[in-house]
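Trainee: Fit chain R to the supplied structure of chain Y, relying on the hints for placement.
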Amino acid sequence: MDAVKVYGSGPTEVRALDGVTVDFAAGRFTAIMGPSGSGKSTLMHCVAGLDSLTSGRVEIDGVDLTTLSDKALTRLRRDRVGFVFQAFNLVPSLTAAENIRLPMDLGGRDPDRAWLDDVIDTVGLRDRLSHRPSELSGGQQQRVAVARALACQPTIIFADEPTGNLDSRSGSEMLDFMRRAVDDLGQTIVMVTHDPVAASRSDRILFLVDGRIVDEMVEPTATSVIDRMKLFED
Amino acid sequence: MLRLTLRSLWSHKRRLISTSLAVLLGVAFMAGTLVLADTVNRVFRDLFADAYEHIDAQVRGTELFASEIGPTHRNPLDESLLEEVRAVEGVVGAQPWVMSMLATMLDAEGRQAGGLVGVIFESWVDHDEVDFGYRMAEGHPPAADDEVALNVAAAADAGYELGDEVTVILPEGRTTYRLVGTFRFFDADSVAGLVAIQVTLNEAQRVTDRAGDLDGIFVTAAEGVSREEVVERIAPILPDGAEVLTGDQVADEEADDLAEAFGFISQILLVFAGIALFVGSFIIYNTFSILVAQRTRELALLRAVGASRRQLLGSVMLEAAVVGVVAAAAGIGVGTLLAAGAMALLDTVGFDLPSAGLLLSGGTVIAALIVGLVVTLLSAVGPAVRATRVAPLEAMRESAVDRSSASRGRTIAGGLVLAASVAIVVLALVTDAPDVVPLVGLGAALGLVGLLVIGPVLVRPLAVVLGAWLPRVRGVTGRLARENAVRSPKRTASTSAALMIGVALVAFITVLAASTRTSITAQVEEGFRADFMVQSTGFTFTRVSPAMADELRDVDGVALVSAMRAGEAQLRFPDGDSTGTFIAAVDPTTFSQVYEFRMDEGELADLSLGGLAVDRRAADGRGLEIGDIVEVTMPDGSSIELTVELLTDDPSTGGWTMTLEAYEQVSPEQVDNLVGVVLASGVDATAVRGALQAVVDRYPGMTLQDQDDFVSSIADQVTALLNIVYGLLAISIVIAVIGIANTISLSVHERTRELGLLRAVGMTRGQLRATIRWEAVLVALMGTGLGLALGIGFSFVMTRALSTQGLDAFTLPIGQLAVLVVLGAVVGVIAALRPAYRAGRLDVLKAIATE
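Just so you know, the protein sequences line up as chains Y and R, in that order.
Its first residue numbered 1, the first sequence is counted upward by one per residue in our numbering.
Its first residue numbered 1, the second sequence is counted upward by one per residue in our numbering.
Just chain Y, same shape as in the assembly:
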């Protein structure tokens, strides 16, 4: 909502977000695309409560994030937001199962067993639960990360280049899971990516350039995304 994020000031000032207003619809899979430095990661970090805005507001479930203390923000991330990063998603000293339960354990919450079982089956990790991250493949690790994000039934899940470090088959599997989480489990997912194929699996794509939303596309296909991107590269 008219979100502005400024790094530095004066002549060196960088407007990473320059008046972005966006609404992520519940139960939908949204992708954010844009060239490097377009502000797409900054947008996601601010919306997810990892970073603060210079001006403007962010609301999740009607709560204005910009008014929250660090403690309240942490709690919000724990209970209402799920994260999937490009790499290093898991705590190496915990097993897959423990990693999945981590946000709930941190909050001292008991997981909803039936939901947890659903999630684990959805991502197909049942036989890998007692393994540590170092014993899992990159794709499996990312699936554990998705499972963790899903496990606490968050309002919204943010995924930052979740397939960036994966080979194309694992990447595609990963997108399947995210798709299913939205379609079958009714989750809301926002994914930052620069991969047109990945973006084409979403319901809606936002294009970000120089901190502004310059375009959007609904029901995209890989070809249409690539065509659209060509426009911005000129």
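What the hints contain is simulated information worked out from the structure, not anything from laboratory work.
Ideal Cβ placement from N, Cα and C applies to all residues, glycine included.
Heads up, a few of these hints could be off.
Beta-carbon label-pair distances, calculated as ranges [as the list claims (entries may be wrong)]:
| no. | chain 1 | residue 1 | chain 2 | residue 2 | range |
| --- | --- | --- | --- | --- | --- |
| 1 | R | P461 | Y | G108 | 26 to 34 Å |
| 2 | Y | P92 | R | A825 | 54 to 62 Å |
| 3 | Y | D70 | R | Q816 | 38 to 46 Å |
| 4 | Y | G138 | R | A825 | 34 to 42 Å |
Stretches of chain Y that chain R covers, calculated by requiring three or more beta carbons in the stretch to come under 8 Å of a beta carbon on chain R [claimed, not checked]:
| no. | segment |
| --- | --- |
| 5 | 44-52 |
| 6 | 71-80 |
| 7 | 102-110 |
| 8 | 178-191 |
Mentor: Structure of chain R alone, referenced to chain Y:
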């Protein structure tokens, strides 16, 4: 390469600060001790040089035997020698001197006056003939037998002014003098708190019961006659048993004696400094290991672009050398401050030294620098060698962290060393060799080495046991803390080892002290028969005139008073060996009603006039048997031959006991060490106590005790010693805390990205801090646990080894040991303060972005 090394050093200077601190503290302890020793030494050397500045020669008796507590015992000089010395050509002044170290002075309030060094009771030396260095401040020197002069500080501290009555108590009696003068030692009011009481020669001889005898003759040589010449001229006229030295020789000798006494103290301090440095070496080792591991990629890159192994080794070692030298230099500075603090402390407890400018000798500086450098280099060798093993290819891999855990070789090697330790200890306990303590010491050293080697193997099982409660109580933060603690078992092991050493020593002496206390208490309770005992207060060696026993005997309700008299004597054994020691004397018919010695052979009541009771341990040590003859020489040179008649089995005898009757005949020094009072039957002890106390109050330095007081006074003495040792070990514990803090912060730094992730998925700052805190607590508890095991184990072995020496109880002071465990946990909390604070302030986004 050099520039690169220095730049790298600078880039992680903050991480090296705490390493330097570990070296710094150890070196400071050592340098402080050396500075203190040098300073005190020089002060005393100057003092004695001053004191003998105008004394050209001193005639004195030849040595009889060395004393354990005071000046050497010498043959007395006959007074007639004075005139003969005076008649020697080249002698213009000769002054007689009599002194006693057994005097007590009362202050204006009737309490014992004087500080640590004590009281010297002397005959005044006529300064017109020999300049003894005493300068009158007020009044005049003692001229009549009822007059006394005191040094300015002694008079002021005791609240005396000219004309006041001053009471001096000697074993031979109590005398009151009139204060007629005060004086300074040259220009000093006080020297180390000494109380110097000056009376006339006649009075000094009378009151010490030595009419016609002298302790020394001080000589002034004529102008143009050198000190050596005057000594050469006096020597021929001296009888057997007398000798003459130049003033310089005597000054050197006395300074040497004091230096030796103080050298003993500084050696003990140096041992503790050594422990601190040893503990510090673990910190250095750890830091360099971690830094090398974290820089694997950088090192590999250097290798890839052509740096040789030798260059890498040199680079890491140079870094260590810079740290060592800088830290040692700072340590010398801090040590000098510590020494200044110690001097100030000595001053406040009454040991004031004149012109005590600190002496930082070149030797101290060099020794401290070398020790700091060598300790740092030795500790860094292992990590440096590991740095050279980095393969160039590793530059391409993910940054590596040393996660290697227990190799089989390590388990086997550690196990073997531990087995050797156990074998040696068992051998020590089953053998009947006379002194197994060195063997036990070797076993303990091997035990420590074994634990250090096998440490990384133990980390995981220990974490499971000691940290079992963590996940349950602290949930996922607890679980993470435990997992983090065992992530790099080697690192955790060497971090906790530093604490282990300190805790092991603390546990060892705590248990040993408790056991000693139990043993002594048991013995006392077994032997204590009197209703009351009178003995010297605390650690003072005050002994008391037999007049006190006589006064106690006159108190209504007292049935019996029996004393243990004690004095120094030289014993000469059948094999020709001799030793200076304390010998006790008791009335064999009554003393058992006061205190019943545990006997090994014979009954005390059977001890005859020419008999000697020897403690079993002393007899074993000297190879004495019943019937052997021991020649006993008293401080005045008189001697008696005694036959070994009885064997006692009781350390409280002190080893050698003769009859009071024989002692009274032969010894010039009649002072009681311990006086027992038995009340008549049916008399209420509380009713009589007041009257007894009134008597004892007239003898300052003595304390009236019933059995409970007696036992608790022993306990107090053990506790006092224990506290000193705790204080000396504290610095090692502090270094261990720094070590844990250091390792934890380096580990936290390594895990930045993981911490960012945890924060992103919802870990609060508090939870993050708690994770780090509990990790530190667990590491600290591992060190504490292993230290406790080691300390308790070897204190047990030690009590077994010393059981024949009278240490026959083994007591585990559960309360104190529990406190130690709690302190161990607190150590962890303290160590985690800074790393946890810094982790809490971590910027989540930056942490996630960290490569």
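Trainee: Run every hint past the structure and note whether it holds.
Mentor: Evaluation of the provided hints:
{"no.": "1", "hint": "R:P461 x Y:G108: 26 to 34 Å", "verdict": "29 Å, holds"}
{"no.": "2", "hint": "Y:P92 x R:A825: 54 to 62 Å", "verdict": "26 Å, violated"}
{"no.": "3", "hint": "Y:D70 x R:Q816: 38 to 46 Å", "verdict": "43 Å, holds"}
{"no.": "4", "hint": "Y:G138 x R:A825: 34 to 42 Å", "verdict": "40 Å, holds"}
{"no.": "5", "hint": "44-52", "verdict": "holds (count 3)"}
{"no.": "6", "hint": "71-80", "verdict": "holds (count 6)"}
{"no.": "7", "hint": "102-110", "verdict": "holds (count 6)"}
{"no.": "8", "hint": "178-191", "verdict": "violated (count 0)"}
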